[in-house]
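Asks: Spelled out, the chains give:
Protein chains: 2
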Amino acid sequence: MAFERAFDVAKKISDSAIHRLSLYVRILEEWEREGRDTTSSEELAERGGTTAAQVRKDLSLFGSFGKRGLGYSVGELADHIRSILGLGRTWRVALVGAGRIGTALLEYRGFRERGFDIVAVYDADPAKVGGCVGERTVRDVAGLEEGIRAEGVEIVVLAVPGEAVQPIVDLVVRAGVRGILNFAPLKPRVPEGVTVRDVNLVMELEALSFALSQDGPDA
Amino acid sequence: MAFERAFDVAKKISDSAIHRLSLYVRILEEWEREGRDTTSSEELAERGGTTAAQVRKDLSLFGSFGKRGLGYSVGELADHIRSILGLGRTWRVALVGAGRIGTALLEYRGFRERGFDIVAVYDADPAKVGGCVGERTVRDVAGLEEGIRAEGVEIVVLAVPGEAVQPIVDLVVRAGVRGILNFAPLKPRVPEGVTVRDVNLVMELEALSFALSQDGPDA
DNA sequence: GGTCGTTTGTGAAATCCTTCACATAACGTA
DNA sequence: TACGTTATGTGAAGGATTTCACAAACGACC
Ligand SMILES: NC(=O)c1ccc[n+]([C@@H]2O[C@H](COP(=O)([O-])OP(=O)(O)OC[C@H]3O[C@@H](n4cnc5c(N)ncnc54)[C@H](O)[C@@H]3O)[C@@H](O)[C@H]2O)c1
Ligand SMILES: NC(=O)c1ccc[n+]([C@@H]2O[C@H](COP(=O)([O-])OP(=O)(O)OC[C@H]3O[C@@H](n4cnc5c(N)ncnc54)[C@H](O)[C@@H]3O)[C@@H](O)[C@H]2O)c1
Chain W
27 MAFERAFDVA KKISDSAIHR LSLYVRILEE WEREGRDTTS SEELAERGGT
77 TAAQVRKDLS LFGSFGKRGL GYSVGELADH IRSILGLGRT WRVALVGAGR
127 IGTALLEYRG FRERGFDIVA VYDADPAKVG GCVGERTVRD VAGLEEGIRA
177 EGVEIVVLAV PGEAVQPIVD LVVRAGVRGI LNFAPLKPRV PEGVTVRDVN
227 LVMELEALSF ALSQDGPDA
Chain Y
27 MAFERAFDVA KKISDSAIHR LSLYVRILEE WEREGRDTTS SEELAERGGT
77 TAAQVRKDLS LFGSFGKRGL GYSVGELADH IRSILGLGRT WRVALVGAGR
127 IGTALLEYRG FRERGFDIVA VYDADPAKVG GCVGERTVRD VAGLEEGIRA
177 EGVEIVVLAV PGEAVQPIVD LVVRAGVRGI LNFAPLKPRV PEGVTVRDVN
227 LVMELEALSF ALSQDGPDA
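Line order of the protein sequences matches chains W and Y.
Just add 26 to the spot in the first sequence (first one is 1) and you have my numbering.
Just add 26 to the spot in the second sequence (first one is 1) and you have my numbering.
Keep in mind that the hints were calculated from the coordinates and are not lab data.
Treat the hints loosely; a few may be bogus.
Put simply, identical chains are the same to the list, so a pair is met inside one copy or across any two.
As the list claims (entries may be wrong) - Derived lysine-lysine pairs resembling BS3-like cross-links, with alpha carbons at most 30 Å apart:
#1 Lys213 x Lys154
#2 Lys93 x Lys83
#3 Lys83 x Lys38
#4 Lys38 x Lys93
#5 Lys154 x Lys83
#6 Lys38 x Lys213
#7 Lys213 x Lys93
#8 Lys37 x Lys83
Bear in mind that the values here come from a model prediction, so they are computed numbers and not experimental data.
Generate coordinates for the entire structure from the input sequences, incorporating the hints supplied.
Replies: Below you can see the structure in the form of structure tokens.
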């Protein structure tokens, strides 16, 4: 069969491999726009800050997309990786929490461009519900479960205060959501089969603090 | 010697270990507020979503902070980890880019609470320069290098468009900054000794997309 | 003081991830 | 068709991180 799907046979793929694939697509798309036809693991590695062997290993987890002696077709490889990452489509996303972070995300074009369409926004604050953020109307979080089902929402972005996280997570999981991006500094509990990714900015700053403390003293 | 500093003898500490330490502090501080005196690796692991062995291993990279048979003193362990991460002080942070993400960050109290004090804000847009965001005045990015030196800025948070990143990074590194938190979807090049941490939200969403594509088909 | 139950700290084993190295496939040339 | 050059795909080696498992340390209790 031409179209390999070796990767859904329950193999374990590391997080860093996925991050690199995500990076490779971005590089390849840039090259597509520049009209480049072919590339090599060497070039991708150079541009992506890794090694050629790593690039080939990452790809080999999912199939073989190149031609020996020639390299890869930029367009085809991009297609393959997009298909691996599930990016050949639009994902329906709901945002919960139209606060500072929430509105920043809403007005960012990069998400829709990359296939993540924020189809609905929810908040609990009566002062915000009914109002507009950008071109979208903020809905009452009371209708969240119903809304998720009605709109076929697949991913929820959570930008609410920490204490509100767990109840909302329970609710959206009940409504069938299996992917959550969480900005609160607190890891919610979810059942098997649901993926949560946390964006914890304070942790990132603390990692910087550690790095600076390590080699700072001698400066 | 009572105060061990075994960790600055050039040992390699993994990123994930640092993230977990950061998590442990947060848990311990919560327990401190609740008035709990002691805890165990078991409890920390349970609460932090890891294993007891992992907790002990993480801590053992830096010293030994517990009492066998008894566990850890909540307060002392928090102190030790804060000291390891360099959190026993305030870090001087500058924000570059007072756009959507930038202003969200500025108005967030969590950073100062955890020792990251945003002492200055810079932007290139003449319409923004001179204006206020929260209680801070936006300064012209032309004065960034000078400002960094004058204010003793140690960490820079970059919330500017991708194409502006590299020049600003070069400039702030020249001014002596060794820690950068970058929101643009593009990894800047920096010399040895400078740490950059990237927050790439699109990559996080793409990782969710992958996870959903993996086990989605059977649903 | 001795014994018991507890929990740490840590070598050793197991697992996961990256790098190495090379057989293999593809193409151009003659 | 044979040969030379190139760059992939992948087992095997090497490193790093996580898990295991247990000796050592501590307090309680008698
Ligand atoms: N702003 C930042 O820079 C920043 C940085 C790091 C982390 N965070 C985290 O991100 C989250 C959001 O931060 P923010 O600064 O945007 O906060 P915010 O207070 O500006 O916004 C939170 C929004 O959530 C809404 N909300 C509260 N409870 C809700 C509920 N049960 N259902 C629906 N909506 C509800 C509020 O009405 C508000 O509009 C917080 O957990 C915060 O800790 C924010
Ligand atoms: N907003 C989001 O939700 C979001 C999500 C993911 C990534 N990002 C990334 O974060 C970065 C900022 O995004 P944003 O949405 O806040 O953009 P924005 O356009 O709202 O803000 C960018 C700000 O940077 C300023 N700026 C431009 N060039 C500058 C320079 N040379 N020096 C100083 N300031 C300069 C602009 O004047 C503007 O105020 C971008 O790289 C974007 O890709 C944003």
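Asks: All hints are to be evaluated individually against the structure, with a verdict given for each.
Replies: Okay, the hints, checked on the actual structure:
{"no.": "1", "hint": "Lys213 x Lys154", "in the structure": "within (26 Å within a copy, 36 Å between copies)"}
{"no.": "2", "hint": "Lys93 x Lys83", "in the structure": "within (15 Å within a copy, 45 Å between copies)"}
{"no.": "3", "hint": "Lys83 x Lys38", "in the structure": "both (14 Å within a copy, 25 Å between copies)"}
{"no.": "4", "hint": "Lys38 x Lys93", "in the structure": "within (26 Å within a copy, 38 Å between copies)"}
{"no.": "5", "hint": "Lys154 x Lys83", "in the structure": "neither (49 Å within a copy, 47 Å between copies)"}
{"no.": "6", "hint": "Lys38 x Lys213", "in the structure": "both (23 Å within a copy, 27 Å between copies)"}
{"no.": "7", "hint": "Lys213 x Lys93", "in the structure": "between (44 Å within a copy, 29 Å between copies)"}
{"no.": "8", "hint": "Lys37 x Lys83", "in the structure": "both (14 Å within a copy, 28 Å between copies)"}
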